[in-house]
Amino acid sequence: MSVYKFMIDVQYKSNLRDPRGETIKRVLKEEHGVPVKELRIGKSIYVEVEAASSDEAKELVKKMCEDLLVNPVVETYEVRSL
Amino acid sequence: MKAAVVVYPGSNCDRDTYHALKLTGFDVDYAYFFDQDLSFEGYDLVVLPGGFSYGDYLRPGAVAARENISRKVKEFAENGGLLLGICNGFQVLMEMGLLPGALLQNEKGKFICRWVDLVVEDNTTPFTLAFKKGEKIRLPIAHGFGRYVKVGEPRVVFRYRENVNGSDEKIAGVASESGNILGLMPHPERASEEILGGEDGRKVFLSIAEYLESRGAEK
Chain A
0 MSVYKFMIDV QYKSNLRDPR GETIKRVLKE EHGVPVKELR IGKSIYVEVE AASSDEAKEL
60 VKKMCEDLLV NPVVETYEVR SL
Chain B
0 MKAAVVVYPG SNCDRDTYHA LKLTGFDVDY AYFFDQDLSF EGYDLVVLPG GFSYGDYLRP
60 GAVAARENIS RKVKEFAENG GLLLGICNGF QVLMEMGLLP GALLQNEKGK FICRWVDLVV
120 EDNTTPFTLA FKKGEKIRLP IAHGFGRYVK VGEPRVVFRY RENVNGSDEK IAGVASESGN
180 ILGLMPHPER ASEEILGGED GRKVFLSIAE YLESRGAEK
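From first to last, the protein sequence lines are chains A and B. Position one of the first sequence corresponds to residue 0 (numbering that gives the first Met the number 0), numbered consecutively onward. Position one of the second sequence corresponds to residue 0 (numbering that gives the first Met the number 0), numbered consecutively onward.
No false leads were slipped in.
For the chain A half of the interface with chain B, some residues (derived, Cβ under 7 Å), not all of them:
hint	residue
1	70
2	72
3	73
Far from chain A, some chain B residues (derived; all Cβ distances over 10 Å):
hint	residue
4	11
5	41
6	54
7	76
8	162
9	169
10	176
11	205
For the record, the hints were derived by calculation from the structure and aren't laboratory data. Note that the Cβ used here is the ideal one computed from N, Cα and C, for glycine as well.
All chains, please: the whole structure from these sequences, using the hints.
Structure below.
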C-alpha cells in the first residue's frame, strides 16, 4: 500500500452566478485597475489516500467526490494527482 | 399526533420548532443525531429545523444529509411519513436527494434576515391545506444560502413576491411529487404567534394537524 496525494478543485457550474467572485473581480478592476475579465471562487480539497495502486487511489477519490465532496446539480470538479 | 424534531450538531431552530408544534397540539420529541437506537416508528411528522448543521462545512446540509439519523429520516419519508424541512432543514432535504434542485449562496452574497411577502402556490399538500390558493402571507427568512436553483419542474408551494435572494422563478419552497415532503427557506415557526410579529406560519402546523386528523391520527 502506498499513499497517493490529490488536489480536488470544485467550482460552481459556469452558468451559475458566483457572488464572491463577482465582488473580488469588481474590487480588482475598480480599486486596483486590473483588467480582470472573469474571476470565480471555488474550493480546493487536499486529500491523501492509501491504496494498492494509483488507479485504485483515483477510483477512491472519484467515489468520494460523487458521494459527498461535490454536488453535481450545481458544481463541477477536477482532480489533480500531486 | 406525534412529531419529532431532529437535532443535528449546529441546529438552532429546534426549540422554536418544538414550541410551535406544541402550541398546535402535537406530542413532540427531539430526535438527537447521536441516538443510535432512535426510530421514527409511530411518528406522524418529522421536522428538520433551521440552523447551521455541521457549521455549513463543505455545503449547507451536506454533512447532516449523510448522518445515520438522516438515513432513518429518508426511510420514514419513503414510507409515506410527513417530512418538513425548514431553512437548513430544506438544504438537508436537497442534499439527501429527497427534493429536486439545490440552494446556493444568495445572489448578492449577503446573509438576509427579514420578513418577506410570499404567495401560497399550492394548497393541496398536507402542509398547506389551511391556506387559500394564491394567499399572500408574511414569514421571516434568515439565510445566506437560499438561492434556489431549479432542476426539472418542481412542485412549487411557496414563492417570494419579490426576488430577495436570486432564486429561480422566486421559488421559496417546494414539495415532493407525492406531497408528503416539503422544504422551505422561510421560517413558519418564527411566525406562529402574534407576539412574534405574525401568525401566518402557524397555518403550516395547523394544516399538518388538520391533515393528520382527517386521516384518523390519535389526538
